Structure formats: C-alpha cells, structure tokens
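Asks: Using the sequences plus the hints, can you model the full thing?
2 protein chains.
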Amino acid sequence: MAEHLVASYDAELKDLKQRILTMGGMVEQMISDAIKSLVERDSELAAQVIARDHEVNGLEMAIDDKCLELLALRQPAGKDLRFITLALKIVTDLERIGDQAVNIAQRALELAPEPPLKPYVDLPRMATRAQDMVRESLDAFVARDSARARAVCARDSEVDALKEQVFRELLTYMMADPTTIPRAIRLILISRFLERVADHATNIAEMVVYLVEGRMVRHTLA
Amino acid sequence: MAEHLVASYDAELKDLKQRILTMGGMVEQMISDAIKSLVERDSELAAQVIARDHEVNGLEMAIDDKCLELLALRQPAGKDLRFITLALKIVTDLERIGDQAVNIAQRALELAPEPPLKPYVDLPRMATRAQDMVRESLDAFVARDSARARAVCARDSEVDALKEQVFRELLTYMMADPTTIPRAIRLILISRFLERVADHATNIAEMVVYLVEGRMVRHTLA
Chain A
80 MAEHLVASYD AELKDLKQRI LTMGGMVEQM ISDAIKSLVE RDSELAAQVI
130 ARDHEVNGLE MAIDDKCLEL LALRQPAGKD LRFITLALKI VTDLERIGDQ
180 AVNIAQRALE LAPEPPLKPY VDLPRMATRA QDMVRESLDA FVARDSARAR
230 AVCARDSEVD ALKEQVFREL LTYMMADPTT IPRAIRLILI SRFLERVADH
280 ATNIAEMVVY LVEGRMVRHT LA
Chain B
80 MAEHLVASYD AELKDLKQRI LTMGGMVEQM ISDAIKSLVE RDSELAAQVI
130 ARDHEVNGLE MAIDDKCLEL LALRQPAGKD LRFITLALKI VTDLERIGDQ
180 AVNIAQRALE LAPEPPLKPY VDLPRMATRA QDMVRESLDA FVARDSARAR
230 AVCARDSEVD ALKEQVFREL LTYMMADPTT IPRAIRLILI SRFLERVADH
280 ATNIAEMVVY LVEGRMVRHT LA
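First to last, the sequence lines map onto chains A and B. Just so we're on the same page, the numbering used here is the position in the first sequence counted from 1, plus 79. Just so we're on the same page, the numbering used here is the position in the second sequence counted from 1, plus 79.
Since the hints were made in silico from the structure, they are not lab data. Be aware that a few hints might be false.
Okay, derived cross-link-like pairs now, PhoX-like style, lysine-lysine, Cα gap no bigger than 20 Å in a straight line [what the hints assert, rightly or not]: (1) Lys168(B) <-> Lys145(A); (2) Lys197(A) <-> Lys242(A); (3) Lys168(A) <-> Lys242(B); (4) Lys96(B) <-> Lys197(B); (5) Lys168(B) <-> Lys96(A); (6) Lys197(B) <-> Lys168(A); (7) Lys96(A) <-> Lys115(B); (8) Lys168(B) <-> Lys242(B); (9) Lys158(A) <-> Lys145(B); (10) Lys145(B) <-> Lys242(B); (11) Lys93(A) <-> Lys145(A); (12) Lys168(A) <-> Lys115(B); (13) Lys93(A) <-> Lys168(A); (14) Lys145(A) <-> Lys158(B); (15) Lys158(A) <-> Lys168(B).
Since the model is a prediction, treat every value here as computed from it, not as a measurement.
Replies: This is the structure:
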C-alpha cells in the first residue's frame with residue numbers, strides 16, 4: 080500500500096476516535112445539564128437536553144457510516160478490525176446514555192412545578208460518578224488501556240450503593256407521608272436512569288478489556 | 080470465487096442468522112420464566128433464570144467472534160457488510176434483554192416470601208407483548224423485512240401504555256396503605272424492566288428499517 084494511503088488510514092482511525100470522544104462529551108454534558116435542570120428547577124434547560132437528543136442520534140449515524148466505510152474500503156484485520164467493530168457497539172451505548180439524559184430531563188420537567196421534596200445531594204453525586212465512568216471508559220477505549228477500563232468496572236458498585244441509599248431514604252419519606260409518593264417515585268426513577276448510565280459505561284469498559292486482553296474476562300467483572 | 084466457497088459463505092450467513100434466532104429464543108424464554116416465577120412465587124425458577132445469564136453471555140461472545148471472522152475472512156461489502164455489522168449490534172441488545180430477565184427474576188425472589196399485593200394481570204400482559212416484539216424484530220431482521228420491523232416499532236406504545244396503567248394502579252395502593260410501598264415499588268420496577276425489553280426490541284426493529292430502507296428513518300419511528 081502506498082505511503083500516503085497508510086497515513087490516510089491512520090488519520091481516519093484518529094478521526095473515528097475523535098468523533099467518539101466528541102459524542103461522549105456531548106452525552107456527558109447532557110447528563111450534567113439534566114441533573115442541573117432538576118436541582119435548579121430549570122425547565123428551559125431540561126427542554127434543551129431533550130432537544131439535543133436529535134443531535135446525538137445524528138452523531139451515532141455518522142459514526143456508524145464512518146465505521147462501515149472503513150470496513151468496506153480498508154478491509155482491516157486483527158486489532159483494527161476489532162477496534163472498529165467495537166466502535167460500532169460503543170456508539171450505541173453512547174446514544175442510549177443520551178436517552179437516559181432525556182429521561183431525567185423529562186422527570187425534571189414534571190417535578191419543576193412541585194415543591195422540592197428535599198435538597199438533592201445523592202443524585203448529583205451519582206450523576207458525577209456516572210459521568211466520570213463514561214469519560215474514563217472512552218479514554219480507556221481510545222488508549223486501548225485495559226487497566227483503566229477495569230477501574231471503570233470497579234466503580235459500578237459505588238453507583239449501585241448510592242442508588243440503594245437514594246431508594247432507602249425516599250422510602251422513609253413515602254412511608255411517613257403518602258402525599259410525597261408521586262415525587263419520590265420520580266426521584267427513584269432518576270436514580271435508576273443514572274444507574275443505567277453507569278451500566279452503559281461499564282459495558283463499554285468490559286468491551287475494552289475484551290478488546291485488549293481477549294475474550295475470557297468479559298461479563299465477569301461487574 | 081469458486082462455487083463451493085460461495086455456497087459456504089451463504090451457509091455461514093445462514094448459520095449466523097440461526098444463532099441469532101436461537102439467542103433470541105433463549106432470552107424470550109427467560110422473560111417468560113421470570114414473569115412465571117413472579118406470578119407463581121417460584122423461587123427455584125427465578126434462580127434458574129438468573130443462572131442462565133451466563134449462557135446468554137457465552138452466545139453473545141460466540142456470535143461476535145463469528146461476525147469478526149466473517150468480516151476478516153470474507154471481507155463482505157454492501158448489504159452483507161451492513162447485515163453483519165447489524166448482527167454485532169443486535170446481539171448486544173439481546174444480551175441486555177437477558178439482563179432484564181435477570182432483574183425481573185431478582186425482584187421475584189425478593190417478593191416470593193411476601194404476601195401478594197394483588198393478582199398480576201398487566202405485568203404478564205406486558206411481558207407477552209415485549210416477548211412478541213423481540214421475536215418479531217428478529218424475524219424482521221433475518222427476513223430483511225422493513226414492514227414487519229415498522230410494525231414492531233408501532234407496538235412500543237402499547238407497552239408504554241401498560242406501564243403507565245401499572246404505575247397508576249400501584250400508586251393508588253401505595254397512597255391508601257403505605258405498608259404496600261416496598262412491594263409496589265418492586266412491581267413498578269418490573270414494569271420498567273419489561274419496558275426496557277420492548278425498547279431493545281424497538282431498537283432492533285429501527286436498525287432493521289435502517290438496514291433495509293437506508294438511513295433517514297432511524298430514530299424517528301417510536
């Protein structure tokens with residue numbers, strides 16, 4: 080293969096990585112804004128998060144097309160083939176993280192007119208953890224760094240523990256005063272949406288371990 | 080390419096389709112058994128569903144490997160390339176449908192020692208709908224039938240409507256008697272897990288429409 084074609088292939092792989100990081104940054108921001116819209120009862124911000132879903136879907140399709148083009152025209156083998164097919168799977172996770180941000184923003188819209196049940200502490204904390212996991216899983220992917228990916232998998236239990244804490248606390252509110260139930264349920268759902276974000280990040284990280292180390296470790300880390 | 084190699088490639092694609100249908104049948108059965116374990120308070124069956132998760136993960140990895148092998152050795156182009164890359168994405172959805180069955184079975188285990196809150200009617204109905212959607216989405220995939228895939232997308236709102244109905248009904252139980260809250264919450268979660276199964280089926284169906292008809296319809300059907 081001529082030198083300029085090789086260079087161009089490397090450039091294309093680099094471009095693919097960059098696009099995935101850009102998409103990751105976008106869905107991370109959506110999670111952050113969705114939680115901000117909840118805490119600050121900012122319905123306009125919630126509506127913006129919901130509107131951004133369209134953009135995320137566009138990025139997913141563009142990256143899919145890029146991967147297909149690389150597979151068709153470059154016919155990669157070995158580690159490049161695995162990298163590109165993993166990119167195809169990862170963008171699906173990223174798109175669904177965007178969906179979770181939309182779910183959170185929708186609950187924030189419903190809660191905005193109601194009096195706040197309590198100051199929100201654990202949900203923003205869960206959100207920060209989940210966002211970190213998304214960023215770290217993608218950094219591990221582009222660096223093909225399985226140690227970093229394993230560290231993401233290990234953090235999943237932190238998010239699960241916070242989710243249980245949110246649930247137990249809201250349960251006491253509901254038992255003490257049934258009028259809080261509709262609001263408490265929405266907050267419980269938000270904690271589940273954040274758990275799903277962390278699950279997606281863990282899925283990405285497990286696939287990265289698989290990419291780097293081979294098949295046997297996958298689905299045994301979480 | 081020699082005649083026998085062409086025949087063998089077709090046989091490999093057929094084998095790939097068959098494996099995906101087998102995996103689909105397995106996760107469908109897991110959903111069915113998870114709901115049965117809830118309704119019949121059968122903890123042994125619930126434990127069996129949880130144990131089967133391992134098998135599903137094994138199928139996913141085997142199909143992934145098969146897809147990579149086809150991409151590397153056959154270097155498909157055009158519609159075969161799109162079909163195989165879509166298979167890679169679909170098995171991820173199927174694996175996560177298996178995860179939802181496990182989530183349901185875990186809640187069934189927790190609920191088994193408690194007195195039943197009410198006869199379960201809507202949850203089994205939701206489960207049947209969601210299972211049908213999974214089967215139909217896979218049939219649409221192997222047949223490359225976009226009309227059938229569109230029909231799956233249209234059914235997603237039925238499952239959402241049942242989920243809302245379950246939620247409203249359980250809300251009245253909780254408001255009337257706070258001691259029902261922990262059980263009611265578990266049932267609400269089960270309805271959300273079934274909703275996620277339907278979402279996965281819808282995702283598969285949307286990707287099939289994309290495969291068959293091209294890019295513009297995706298993410299606009301549900």
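Asks: Just pull the numbers of the violated hints for me, sorted ascending.
Replies: Violated: hints 3, 4, 6, 7, 8, 10, 12.
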